[in-house]
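Trainee: Each chain, written out:
2 protein chains.
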Amino acid sequence: MNTPTKILLDESEMPTRWYNVVPDLPVPPPPQLHPGTLQPAQPEDFGPLFPQALIEQEMSTERYIDIPGEVLDVYRLWRPSPLFRAHRLEKILDTPARIYYKYEGVSPAGSHKPNTAVPQVYYNAREGIKKLTTETGAGQWGSSLAFACAQFGLECEVWQVAASYRAKPYRRTMMEVWGGRVHPSPSELTEFGRELLKQDPDHPGSLGIAISEAVSQAVASEDTRYALGSVLNHVLLHQTIIGEEALLQLAKVGETPDVLVGCTGGGSNFGGLAFPFLREKLAGRMNPTIRCVEPTACPTLTKGEFRYDFGDTAGLTPLMKMHTLGHSFIPEPIHAGGLRYHGMAPLVSHVYDLGLVEAIAIPQRECFAGALQFARSEGIVPAPEPTHAIAAAVREALACRESGEEKVILTALCGHGHLDLASYDQYLHGDMQDLELSDEAIAEAMKDVPVLA
Amino acid sequence: MNTPTKILLDESEMPTRWYNVVPDLPVPPPPQLHPGTLQPAQPEDFGPLFPQALIEQEMSTERYIDIPGEVLDVYRLWRPSPLFRAHRLEKILDTPARIYYKYEGVSPAGSHKPNTAVPQVYYNAREGIKKLTTETGAGQWGSSLAFACAQFGLECEVWQVAASYRAKPYRRTMMEVWGGRVHPSPSELTEFGRELLKQDPDHPGSLGIAISEAVSQAVASEDTRYALGSVLNHVLLHQTIIGEEALLQLAKVGETPDVLVGCTGGGSNFGGLAFPFLREKLAGRMNPTIRCVEPTACPTLTKGEFRYDFGDTAGLTPLMKMHTLGHSFIPEPIHAGGLRYHGMAPLVSHVYDLGLVEAIAIPQRECFAGALQFARSEGIVPAPEPTHAIAAAVREALACRESGEEKVILTALCGHGHLDLASYDQYLHGDMQDLELSDEAIAEAMKDVPVLA
Chain G
174 MNTPTKILLD ESEMPTRWYN VVPDLPVPPP PQLHPGTLQP AQPEDFGPLF PQALIEQEMS
234 TERYIDIPGE VLDVYRLWRP SPLFRAHRLE KILDTPARIY YKYEGVSPAG SHKPNTAVPQ
294 VYYNAREGIK KLTTETGAGQ WGSSLAFACA QFGLECEVWQ VAASYRAKPY RRTMMEVWGG
354 RVHPSPSELT EFGRELLKQD PDHPGSLGIA ISEAVSQAVA SEDTRYALGS VLNHVLLHQT
414 IIGEEALLQL AKVGETPDVL VGCTGGGSNF GGLAFPFLRE KLAGRMNPTI RCVEPTACPT
474 LTKGEFRYDF GDTAGLTPLM KMHTLGHSFI PEPIHAGGLR YHGMAPLVSH VYDLGLVEAI
534 AIPQRECFAG ALQFARSEGI VPAPEPTHAI AAAVREALAC RESGEEKVIL TALCGHGHLD
594 LASYDQYLHG DMQDLELSDE AIAEAMKDVP VLA
Chain Y
174 MNTPTKILLD ESEMPTRWYN VVPDLPVPPP PQLHPGTLQP AQPEDFGPLF PQALIEQEMS
234 TERYIDIPGE VLDVYRLWRP SPLFRAHRLE KILDTPARIY YKYEGVSPAG SHKPNTAVPQ
294 VYYNAREGIK KLTTETGAGQ WGSSLAFACA QFGLECEVWQ VAASYRAKPY RRTMMEVWGG
354 RVHPSPSELT EFGRELLKQD PDHPGSLGIA ISEAVSQAVA SEDTRYALGS VLNHVLLHQT
414 IIGEEALLQL AKVGETPDVL VGCTGGGSNF GGLAFPFLRE KLAGRMNPTI RCVEPTACPT
474 LTKGEFRYDF GDTAGLTPLM KMHTLGHSFI PEPIHAGGLR YHGMAPLVSH VYDLGLVEAI
534 AIPQRECFAG ALQFARSEGI VPAPEPTHAI AAAVREALAC RESGEEKVIL TALCGHGHLD
594 LASYDQYLHG DMQDLELSDE AIAEAMKDVP VLA
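Residue numbers (the working numbering), protein chains in the order written: chain G, 174 to 626; chain Y, 174 to 626.
Each hint should be verified, as a subset may be incorrect.
Heads up, the list lumps identical chains together, so a pair's fine if it works in one copy or across two of them.
List time: in silico DSBU-like cross-link candidates among lysine-lysine, alpha-carbon distance up to 30 Å [to be verified]:
| # | residue 1 | residue 2 |
| --- | --- | --- |
| 1 | Lys-371 | Lys-341 |
| 2 | Lys-264 | Lys-303 |
| 3 | Lys-179 | Lys-425 |
| 4 | Lys-341 | Lys-303 |
| 5 | Lys-620 | Lys-494 |
| 6 | Lys-264 | Lys-304 |
| 7 | Lys-303 | Lys-620 |
| 8 | Lys-341 | Lys-580 |
| 9 | Lys-425 | Lys-341 |
| 10 | Lys-341 | Lys-454 |
| 11 | Lys-425 | Lys-303 |
Keep in mind the hints are simulated off the structure, nothing from the lab.
Using the sequences and the hints given, assemble the complete structure.
Mentor: Here you go:
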């Protein structure tokens, strides 16, 4: 094979529209519900949270939505992102498979998150919003939003899960470099935060709690809105530029994927990579196996239930039908691999429920073992999240070594691990444990999920 | 101007040879001297330190040297690197200047250092060497060498300046991810290290000391050699791929630089960017002003003396004629901007002495102020070292705003700052001080420099 190492696109070849999978699905996804009335949420219900343009995208049934020129201008700072052929990884795995990975770590924040942060800030700016609030865990989303806010002159206020705020001071600094203000969550700034701190002054926080705090601050102010980094339809929509570019890049080298694996936390990286390929599959133009990969420590798809639940811990968001471990679920602090959210994007949950995609869970030491093989061959040190995708790709490639099949494996390396090296330190020095979430723990967390008629 | 944001080259356009500036210089550079005989060093004097191929390159007067195919294979993991037009920085500076920056942070280690680490490891591997030793400060060089050793199956042992080893544990982890072994320097593993630790068990170390330790370990073992990340002729040679690519990229958009600014520590980033442009200038094909930028805290070119000195603190290396602050010089620990080496590449020193390039020193708060403007417009968070180049480019761009000149400014962003965010934290929270090295301090450090007849 004479495939180049990097398959590049010119800026002139960058896709100029996002893809919405909804109109192509055999069954429409269930609506979000108003948390008070339990009736399907109306556009105006989202008004205090999001600008009009994003609410329209959230509910859109249009197949394609144009990317505004101002957004394309910022995308060009790092997009189109490269697609790599993993020649050197294939060699050390001694596999006949051909492995391709789409690399999103080239963005300023080092992950795929700016793909949605930039349009979210742009639409807010266009509607006169002055400030955005958000939550962040390890900090990838918070730093992406801070970067995007710097581009359009908005203020950015971030509630960071307290455990990460303390353990990863450099992500906070990165947000501040881009002008963001960062608070540990739970914080003294919201009623919900104060309540939790009263119970436990050293509360480690969780994504669900941080969302509650950021949402409550946004709705309390006229010129402030909230931004979410994953889960919602419009977020997955913006991320489809990943898959659209990958399609063009694979076409350049005459390949179609046999297997596509992507890690799933909230689902935006996976949806972004997979949905354009799902479109091609549903249209009969290719037939890849499409597989979600999640941690055994937070097995939302493989062990969670598919039912209506809140997106946050305090129960402020609309109810979404999704695979969930319960909105009060907090993964073990020692789980280092990211992907810690209690739920899963409703769209990813829906296509999984329809049987259009598969899902597997992988324990974290296998993930970091794969990441080390990857780093020592391909060079890039992956973020903890995509170590799951790499481990799944390695499994596939080794199966091909057994079977002799020359499968084309596609995955997304959604970010680098430069700010997550503490996890590698744990792995290298033997302090990492595999975590399997027990059925009892899940049943316990599911107790708080509302039972709908 | 419709210049794209990123000017890319295909892998097929990547230069396949390095450029050696020596044969094009009007006066040949002074030879290195054997530290014992004080006579010009002979190839065999370097035998215990370097493989034959690198010794030949160190002394070569050939204008071009072919890049081996195995090296090109690894380069392709990130090369050709992008050249950016800084549209968004120009806008916030409101300048008619056109600013271009060559970005080397796309390499796995996040800097330009792998450009030389890869060929150095390759040539050692080809000559049967099993292990390389080296020194590192902040860790950019050590991690680059560890990455390169992983590619060719060599062991890598790194002495890291103790102050950095303690303050930056994640760089150590990064080296370990690639399979490197890291020791704080001074260490108990060498006689020189033990001596220094006897004087001060908390010795902060310095680059010069770490070089002495790494060199002494390399010469003590048959199948071990030493690798240096800057200063030497062959290192600058390998880095010229930066400037060669930039020439091709600027030609694609029909530009020639009026001003070229590059930060100088040991000189390899600067030489790599500047020497191909210096060739063009000497040949009369363009006429850019070429300017070195260094920190006021370590003003090797602007305040150091041009004379023979050792490359390391213990005096084990050949004597090199270079701009030096004295081989026992240790910059203030609170200087955060990198570029801390006591000397300057003999080739850079020589072209500066000949008046072919200029030099300025910039205090660190101006550098970080420029870096913040850069990060908030262009997105990328620069490493501390290239903040000097950015500050110099900003000075030029603002001068153009005054004069109305539409100058083309070229600089190299030699690395990202993801592992150096503590320096930004210092700057953002007001803990950063400007440092001006006094004449007395320089005179003191120069006392140990040998006086040659």
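Trainee: Give a verdict on every hint.
Mentor: We went through each hint and held it up to the structure:
{"no.": "1", "hint": "Lys-371 / Lys-341", "in the structure": "within (24 Å within a copy, 35 Å between copies)"}
{"no.": "2", "hint": "Lys-264 / Lys-303", "in the structure": "between (51 Å within a copy, 21 Å between copies)"}
{"no.": "3", "hint": "Lys-179 / Lys-425", "in the structure": "both (11 Å within a copy, 20 Å between copies)"}
{"no.": "4", "hint": "Lys-341 / Lys-303", "in the structure": "within (28 Å within a copy, 37 Å between copies)"}
{"no.": "5", "hint": "Lys-620 / Lys-494", "in the structure": "within (16 Å within a copy, 75 Å between copies)"}
{"no.": "6", "hint": "Lys-264 / Lys-304", "in the structure": "between (49 Å within a copy, 23 Å between copies)"}
{"no.": "7", "hint": "Lys-303 / Lys-620", "in the structure": "neither (39 Å within a copy, 59 Å between copies)"}
{"no.": "8", "hint": "Lys-341 / Lys-580", "in the structure": "neither (39 Å within a copy, 42 Å between copies)"}
{"no.": "9", "hint": "Lys-425 / Lys-341", "in the structure": "neither (40 Å within a copy, 42 Å between copies)"}
{"no.": "10", "hint": "Lys-341 / Lys-454", "in the structure": "neither (41 Å within a copy, 47 Å between copies)"}
{"no.": "11", "hint": "Lys-425 / Lys-303", "in the structure": "neither (42 Å within a copy, 40 Å between copies)"}
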